[in-house]
Amino acid sequence: MSDPRVAGASVTSFGEHPERTGRDLFAEAGLAALDRSGVPAGDVDALYYGNFMGEIAEHQGHQGPLMAEAVGLTVPATRYEAACASSGAAVRDAVRAIRNGEQEVVLVGGMERMTNVGTAAATDALAIAADDLYEVRAGMTFPAAYALMARSYFDEYGGTREDLAHVAVKNHEHALVNDNAQLRKEITVEEVLDAPMVAEPLGLYDACPITDGASAAVLTSAEYAERHDLDAPVAITGTGQDGDNLALQDRQSYAATPAAAGAVAEAYADAGVDADDVDFAEVHDCFTIAEVLAIESLGLYEPGEGITAAREGETTRHGETPINLSGGLKAKGHPVGATGVAQLVTIAKVLEGTHPRAEAVPAADVGVAHNAGGTAASATVHVFEVKA
Amino acid sequence: MSEGVRDGEYDDWLDAVEDDEGYYVECENGHGWLPPRRVCPDCGSRELHEEPLPEAGEVATHSAVHVPTPQFEDDAPYVIAVAHFGPASITGMVRGADPEDVEIGTVVGVEVGERATTGDRAVVFRPR
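Those protein sequences? They're chains S and R, same order as listed. Going by this note's numbering, the first sequence opens with residue 1, and the numbers climb by one from there. Going by this note's numbering, the second sequence opens with residue 389, and the numbers climb by one from there.
Hint data in this document are derived by calculation from the structure and do not stem from the laboratory. Some clues are possibly wrong.
[Stated by the list, open to error] Using C-beta positions, here's what the derived DEER-type ranges look like: (1) R:Arg516 to S:His318: 48 to 58 Å; (2) S:Glu320 to R:His437: 46 to 56 Å; (3) S:Asp132 to R:Ala444: 24 to 34 Å; (4) R:Val427 to S:Asp132: 12 to 22 Å; (5) R:Tyr398 to S:Ala265: 30 to 40 Å; (6) S:Gly353 to R:Arg434: 54 to 64 Å.
Small disclaimer: the values here were computed from a predicted structure and weren't measured. Just so you know, even glycine gets a beta-carbon here, dropped at the ideal spot from N, CA and C.
My request is simple: use the sequences and hints to build the entire structure.
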């Protein structure tokens with residue numbers, strides 16, 4: 001079994017590009033990843049591609065072959081849809097295909113075009129990651145779903161809006177030097193608390209923005225990397241995925257994400273690491289409460305204790321285990337289908353020492369990506385280690 | 389109101405709630421769900437039967453929604469909640485209460501109302 005290497009990785013600038021087509025966004029990321037990898041396009045065996053709302057945003061299904069074509073490939077190309085974990089799921093299958101020897105070189109990536117439809121339609125499109133019969137028809141929005149989780153968390157463990165505000169402040173600060181981030185603007189706890197409410201107790205600054213963007217990475221087998229003398233020191237050594245009831249109402253607790261915990265357990269076991277080994281992580285902070293639930297799922301905090309991590313400075317770039325050095329979804333932006341691979345891009349760059357926030361963890365060996373779909377009815381987790 | 393075909397047992401369930409004859413489906417191990425269900429997601433049982441919905445449920449979590457989807461534009465702001473009715477849980481809009489008066493543990497009944505925005509049917513909770 002060969003743990004795949006990250007040979008090249010790239011993201012477009014994340015933000016508002018309403019006039020740019022999805023195929024152009026993905027072509028930019030995909031071609032840059034190929035160029036950085038040094039892998040000739042002819043060696044790519046397959047494309048694994050994540051996208052969530054393409055039918056709504058661009059009236060475009062069947063995006064796999066379209067996106068392969070956009071980067072000049074005629075290879076088997078499949079789109080993965082797991083809501084916001086779409087490209088995390090794509091990474092997982094790419095890892096498995098390389099490990100089992102089916103493929104040596106895989107292009108993995110994702111794209112979402114969201115701002116062209118406007119905020120109302122994007123809110124509607126995102127809502128359908130929830131259960132249509134039981135939730136969407138009852139008035140659920142995505143912020144509302146996470147608000148229900150936040151309220152339940154506060155009730156079960158305690159915690160305040162101010163605790164959550166520190167998560168937003170931290171991630172905005174991390175993004176200040178990220179040239180690809182959507183929101184490069186420092187914010188204060190007071191600004192977060194004073195922002196208009198979206199779904200109580202979550203306000204505007206508790207939520208990630210609506211984002212256009214694409215991400216891509218070239219993954220190869222270790223043998224291919226060695227044979228072609230690639231500069232690819234980062235390996236994906238663990239993969240995990242788990243699922244849960246789609247509707248929040250059908251779960252035992254609304255203050256935890258068992259699918260993420262299951263994915264973490266599988267990925268850690270696969271890599272032979274545990275929470276103590278994790279130097280830093282990119283987690284799915286679509287809302288501030290989501291980051292709290294994520295770091296608890298990762299085993300970095302006991303249930304109920306993650307709420308104060310940002311406030312105490314433990315997850316800032318100066319803390320023991322920095323979370324979301326990229327700025328996270330909150331400040332970097334969240335082009336839904338591109339997010340899982342965008343996390344991969346950040347982690348590879350931090351481990352290689354080429355990320356602008358890499359100095360936060362200069363001796364890092366282990367980084368983890370946590371990608372959640374919906375209210376974590378889907379979750380994928382990947383472990384990255386420096387191998388060369 | 390949106391036109392469309394009925395969504396099978398889900399619309400049957402709404403009809404029943406509307407007629408004050410609400411029910412849920414339960415497996416032999418006591419796990420409760422809203423229809424349609426052919427299998428219990430908790431224990432895998434395929435032996436599901438209907439049970440009458442308890443008269444009252446308890447709010448388990450709630451949020452006042454200020455930014456809705458377009459289908460709820462004229463309804464906002466509104467309170468959305470998950471309420472436990474015995475072993476079954478239901479998501480709906482809380483009406484007939486000030487948002488600040490809705491708490492975890494608030495006792496509610498369930499009925500079928502209309503969305504202000506589209507006239508479509510919607511699950512509504514009212515404090516009892």
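Taking the hints in turn, this is what the structure says about them:
no.	hint	in the structure
1	R:Arg516 to S:His318: 48 to 58 Å	holds (51 Å)
2	S:Glu320 to R:His437: 46 to 56 Å	holds (53 Å)
3	S:Asp132 to R:Ala444: 24 to 34 Å	holds (27 Å)
4	R:Val427 to S:Asp132: 12 to 22 Å	holds (19 Å)
5	R:Tyr398 to S:Ala265: 30 to 40 Å	holds (35 Å)
6	S:Gly353 to R:Arg434: 54 to 64 Å	holds (55 Å)
The structure agrees with every numbered hint stated previously.
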